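S.K.: This is what each chain is made of:
Number of protein chains: 2
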Amino acid sequence: MDRKRLIHLIKERQSYLSVGLDTDKDRIPTFLLDKEDPIFEFNKAIIDATRDVCVAYKPNLAFYECYGAEGWKSFEKTVEYIGKDHFIIADAKRGDIGNTSTRYAKAFFENIAADGLTVAPYMGEDSVKPFLLQDGQWVILLALTSNPGSADFQNIKSDGGEPLYVSVIKKAIQWASDEQLMFVVGATHPEQLAEIRKLVPNYFFLIPGVGAQGGDLRSVSKSAINADIGMIVNSSRSIIYASDGEDFAAKARQKAIELQSEMAHILKDNSII
Amino acid sequence: MDRKRLIHLIKERQSYLSVGLDTDKDRIPTFLLDKEDPIFEFNKAIIDATRDVCVAYKPNLAFYECYGAEGWKSFEKTVEYIGKDHFIIADAKRGDIGNTSTRYAKAFFENIAADGLTVAPYMGEDSVKPFLLQDGQWVILLALTSNPGSADFQNIKSDGGEPLYVSVIKKAIQWASDEQLMFVVGATHPEQLAEIRKLVPNYFFLIPGVGAQGGDLRSVSKSAINADIGMIVNSSRSIIYASDGEDFAAKARQKAIELQSEMAHILKDNSII
Chain A
-15 MDRKRLIHLI KERQSYLSVG LDTDKDRIPT FLLDKEDPIF EFNKAIIDAT RDVCVAYKPN
45 LAFYECYGAE GWKSFEKTVE YIGKDHFIIA DAKRGDIGNT STRYAKAFFE NIAADGLTVA
105 PYMGEDSVKP FLLQDGQWVI LLALTSNPGS ADFQNIKSDG GEPLYVSVIK KAIQWASDEQ
165 LMFVVGATHP EQLAEIRKLV PNYFFLIPGV GAQGGDLRSV SKSAINADIG MIVNSSRSII
225 YASDGEDFAA KARQKAIELQ SEMAHILKDN SII
Chain B
-15 MDRKRLIHLI KERQSYLSVG LDTDKDRIPT FLLDKEDPIF EFNKAIIDAT RDVCVAYKPN
45 LAFYECYGAE GWKSFEKTVE YIGKDHFIIA DAKRGDIGNT STRYAKAFFE NIAADGLTVA
105 PYMGEDSVKP FLLQDGQWVI LLALTSNPGS ADFQNIKSDG GEPLYVSVIK KAIQWASDEQ
165 LMFVVGATHP EQLAEIRKLV PNYFFLIPGV GAQGGDLRSV SKSAINADIG MIVNSSRSII
225 YASDGEDFAA KARQKAIELQ SEMAHILKDN SII
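Protein chains in written order, with my numbering: chain A, -15 to 257; chain B, -15 to 257.
Bound conformation, chain A alone (with noise of 0.2 Å):
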């Protein structure tokens, strides 16, 4: 999916929200787990649910791949159940030598139709470019990430004074334009968000931790947004986890709207619908 197209989706639905799908057979409602393929059952019932309120849908790989092959399934099943007017993450933080990043590429890109794919760049140049094939097939770069471990080396000082963060952002921009690279970086993280956006006025962040990790809505969209928007806002677990009934997706429903009517209130207020 092109930006354009991205930010059209955002202005139709007055929403930058990405519904993450972190489905655990551990958490999802007990009576599902007798069907044939409960995880996709799951995100099948959460996506109808969410559908018209949300952009983005971002699985995780982890929660698939702790199944082996039959969670691979099931997260192709999702992935083409989703369709094509949702921009669909590949949570995999993939990156390796150039060589098996072109096999990760065409896992994700080719067999999986994701529209953009969470990358690590600790390996570097070689890792990440092949993964940038073209224009809407996005790398979505790990820049500072929403968890505590994020202070151990994010915000290492280099000899020159910036963070690590900010040196992969600074490199990255050299490999990948905004029509084809965004960054990861957390809700947690308000200051450091707006100085990131000072940094790189025009590219998109894929904001996780908004709900269970902490992050606030309105703080990290204050901090972030450009006129094109420039975010898409992540949240799994206090969504797709709202009930544990049978009343599952209508409650995340209910949380997704929560948060798609304050994202549609931001939008208005910043003039960008």
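Keep in mind that a hint or two might mislead.
A pair counts as met if it fits within one copy or between any two copies, since identical chains are not told apart.
[Said to hold, decoys possible] Straight-line alpha carbon distances no greater than 27 Å define the calculated DSS-like cross-link-like pairs of lysine-lysine that follow:
1. K252 to K154
2. K19 to K90
3. K28 to K113
4. K141 to K182
Please keep in mind that the hints were generated in silico from the structure rather than gathered at the bench.
Every value quoted in this text rests on a predicted model; they were computed, and no experiment measured them.
With chain A's structure known, arrange chain B on it following the hints.
M.R.: Just chain B now, kept in the frame of chain A:
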């Protein structure tokens, strides 16, 4: 596999060789493509031909994932076929927030009985710790990788004067002992290998990059060796693609034996066997 048994196997087979199973349908002998599971058939033949001269196998997940659920099945079958007498490295370079890394740990250490998993350090402590389940299940943490892009971030010097890969190593040894943690250090950096060996005298290294990537076995061994050997040296393409004819397994064996014979010399020269 615990440290003691790994060292025992190295001495017994006079080998610290890992055979990398980067099995690519575009490169395996064409006559195998008619089989029901060409990737598994190829791996099976390579494993049968090299079992007695190596201590480890390292399937890289990218080469399996790129065939989706079917590829995962080939991976699972391969791990099962290798069995318990080799150290199995799932080369997946995973790493995510704690909640998610726990799922990856389940994927590779419970469902798949891998002995070690390569992990990317960028997200810090809570992304690595969930993989540290028990002795004999190893985190193999990226420190200084073999590819050209390793220079982009891993070599950035902090304001304290140490390169990022040194910071990674220093932090990580606070998280896990040498019974559970190894480091990836590429064969393409023999000088830094020697420095890293001084920093962590007892930790094992996984050393990729001998063969197709240009690393030299004798010089890396000289830099990395300790009293327990302290390393597993991996070669992938130069072994498994030694021939694309009917004789591919025999030629792979020949290449593996070339490396193993040199290893036996090195082990003897260093009075380890």
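S.K.: Run every hint past the structure and note whether it holds.
M.R.: Verification of the supplied hints:
Within a single copy, K252 and K154 get their C-alpha atoms no closer than 31 Å, and across copies no closer than 49 Å, so neither meets the 27 Å cut-off. Proximity of K19 to K90 under the C-alpha cut-off of 27 Å is restricted to the inter-copy arrangement: shortest distance 22 Å between copies versus 31 Å within a copy. In this assembly of identical chains, K28 and K113 lie within 27 Å of each other by CA distance neither inside one copy nor across copies; the values are 33 Å within and 32 Å between. Both within a single protomer and between protomers do K141 and K182 lie at most 27 Å apart by alpha-carbon distance, with minima of 19 Å and 25 Å respectively.
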